[in-house]
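Participant: So the chains spell out like this:
Number of protein chains: 2
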Amino acid sequence: MAELVKIALDAMGGDNAPAEIVKGAVEGVKKEQESFIYLVGREQQIKAELAKYTYPEDRIKIVDAADVIQTGEPPVMAIRRKKDSSMVKALMLVKNKEADAFISAGSSGAILVGGQTIVGRIKGVERPPMAPLIPTAKGPAILVDSGANVDARASFLVQWAKMGALYMEHVVGIKNPRVAIVNVGVEEEKGNNLVKETYPLLKACSDINFIGSIEARDIPNGDADVIVCDAFVGNVILKLYEGLAKTLIGKIKGSLTKSLQTKIGALLIKKSLKGLDATEYGGAPLIGLNGLVVKTHGNAKHKEIRNAISQCVAYKKGDINEKIMQAISNENFE
Amino acid sequence: MAELVKIALDAMGGDNAPAEIVKGAVEGVKKEQESFIYLVGREQQIKAELAKYTYPEDRIKIVDAADVIQTGEPPVMAIRRKKDSSMVKALMLVKNKEADAFISAGSSGAILVGGQTIVGRIKGVERPPMAPLIPTAKGPAILVDSGANVDARASFLVQWAKMGALYMEHVVGIKNPRVAIVNVGVEEEKGNNLVKETYPLLKACSDINFIGSIEARDIPNGDADVIVCDAFVGNVILKLYEGLAKTLIGKIKGSLTKSLQTKIGALLIKKSLKGLDATEYGGAPLIGLNGLVVKTHGNAKHKEIRNAISQCVAYKKGDINEKIMQAISNENFE
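The listed protein sequences derive, respectively, from chains A and B.
Residue numbers for the first sequence follow this note's numbering, beginning at 892 and rising by one.
Residue numbers for the second sequence follow this note's numbering, beginning at 892 and rising by one.
Hint data in this document are derived by calculation from the structure and do not stem from the laboratory.
As the structure is a computational prediction, the values presented were derived from the model and not from experiment.
Keep in mind that the hints are not guaranteed to be accurate.
As the list makes no split between identical chains, a pair holds if one copy fits it or if it spans any two.
For lysine-lysine, the following BS3-like pairs were computed, each having C-alpha atoms within a straight-line distance of at most 25 Å [as the list claims (entries may be wrong)]:
1) Lys1142 with Lys1014
2) Lys1081 with Lys952
3) Lys938 with Lys914
4) Lys1029 with Lys1130
5) Lys922 with Lys1130
6) Lys1194 with Lys1014
7) Lys938 with Lys1087
8) Lys1137 with Lys988
Using the sequences provided together with the hints, build the complete structure.
Facilitator: What follows is the structure in structure tokens.
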């Protein structure tokens, strides 16, 4: 039997914890034969949920944690003080090499802080990016960075481009992924100071398939697989995607049900928009740490948790962290 | 009879020039009884188009210009060298106080450069913003800046907030418009350096209704009327709006016509999405110059030109430039 990929799952994080998290763990461990799950959180609650299912008991283990970090808590303080929280205890499993990856639907801020301070960065990685997959007309694209570093330097963006490309190639399975930097035009002289400084550095990278600038209008069409930008811009892209889809769908649904007096239209739309959901690829990875840290949506249900488990297995089996170390050390030799 | 609002219209700019531009001028001059239009461009071509219509001949005058600035031309060079182009000649009419406003569907870069170098800034205005209206679920919102200043300073953003609020109140007719700064969260400590620096300055402005930060996800829902951000972020918002709407609509239309084998669905959608078009408010104003400069879409048709003419009349009749001067000089006294 191959070595198991060990995943520390924060059973108490998110709106639907622990029920949906536990359900996702059971589904994930069944789907991924090479996975082993630590369910970290309040033992009695987790036990009660687990009792609803049959599952390979040798591959799920409960780790008791009395405390829970809430969404509204100041992240730095929460991570520092709540040593007995499900999140901190799960992150400690990764730090101590007892687990390869961490998944949580809890506070984004706490995951960011905890990932960086407890799990720690791969040597040479300047700033680990939060890198969600966003849906496009041609499949998912990775957005690096979308949440971690709002005032970025050119050298950060170059590393994000490399890490994003490795992720898309080896976890998502896109051969030779197209890397582009978000810009206000496609001409090489366009951009703000950060983009103007980063562009030639990306162009000089021999280990990525840099295709130049991408305007935001071409992102939904799938014109690049790896979208590079600072986290302020990335956050705007991610959130506008969400908000605009919601408003448009609401508008269309309202119009259709009103006019046709039927739900057929709404059902068709729901079906056609299914491809615009990227949760089938799991959660947003925080890349560049000594272990994979995955943040799912706060309202994640069992499917997203199950998919995040598959994501962690693919990441570990793809030796992504070793590939990142290699890419970063090559950089230092250049 | 009230004093006429004189508008210099670049008859040769854009994909549909001069036919649609001239048609728009005829419609505009009929609709706006207080408007006077200079149609600037190749006289013979304009005359041939005008001959198709009846219109108040005392309120349309052709100004001959032999040359045309093309979209691909480097803007600074084009404005400097093509003295006999329709765009430069039309801008000169504003500079020389023969016209109050300028409209063009031509090169955005040339309009930006020409507006600033030929028409010139209102005294005290640091950087005039390009300020398009974007559609939201609750009506249009103004996006300042979306194209002119990619590396902005806090003091620019404060002026944009004031100018955007004046525009929304007196041209679009929104009482006490809600001003918000684009941010990665709504908590006051969030943001990149620019936002952190700008936020307290906006909060201290007594002459605007500052409601704090807005996340990009809440823009389409219409949670603010004046959206303040640097032009890099503004461009991303504007372009992503465009791209995402296009992709979503394409996806839904494809699914509907395929499934229902009918065009009813597509027609309904088209109708329901009509409210998501902001061209009924004219083009994007470049605010803060000694005269209004309006950039319409490159593919603008007669309706957008007609609406831009109404926009120029409302701007002039609302004494917006006088109000801006007042707001800026108050700032200097503070």
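Participant: Could you run down the list of hints and mark each one as holding or not?
Facilitator: Okay, the hints, checked on the actual structure:
In this assembly of identical chains, the alpha carbons of Lys1142 and Lys1014 never lie at most 25 Å apart, being 48 Å within a copy and 43 Å across copies at closest. For the identical chains of this complex, Lys1081 and Lys952 are neighbours neither inside a copy (53 Å) nor across copies (38 Å), given an alpha-carbon limit of 25 Å. In this assembly of identical chains, the alpha carbons of Lys938 and Lys914 lie at most 25 Å apart only when taken from the same copy (12 Å versus 74 Å across copies). Taking the shortest alpha-carbon separations for Lys1029 and Lys1130, both the intra-copy value of 20 Å and the inter-copy value of 18 Å come in at or below 25 Å.
Taking identical chains as interchangeable, the C-alpha atoms of Lys922 and Lys1130 are never at most 25 Å apart, the minima being 31 Å within one chain and 40 Å between chains. Proximity of Lys1194 to Lys1014 under the C-alpha cut-off of 25 Å is found in neither arrangement, the shortest distances being 33 Å within a copy and 59 Å between copies. For a Cα distance limit of 25 Å, the shortest separation of Lys938 from Lys1087 qualifies neither inside one copy, at 55 Å, nor across copies, at 46 Å. Neither within a single protomer nor between protomers do Lys1137 and Lys988 lie at most 25 Å apart by alpha-carbon distance, with minima of 41 Å and 46 Å respectively.
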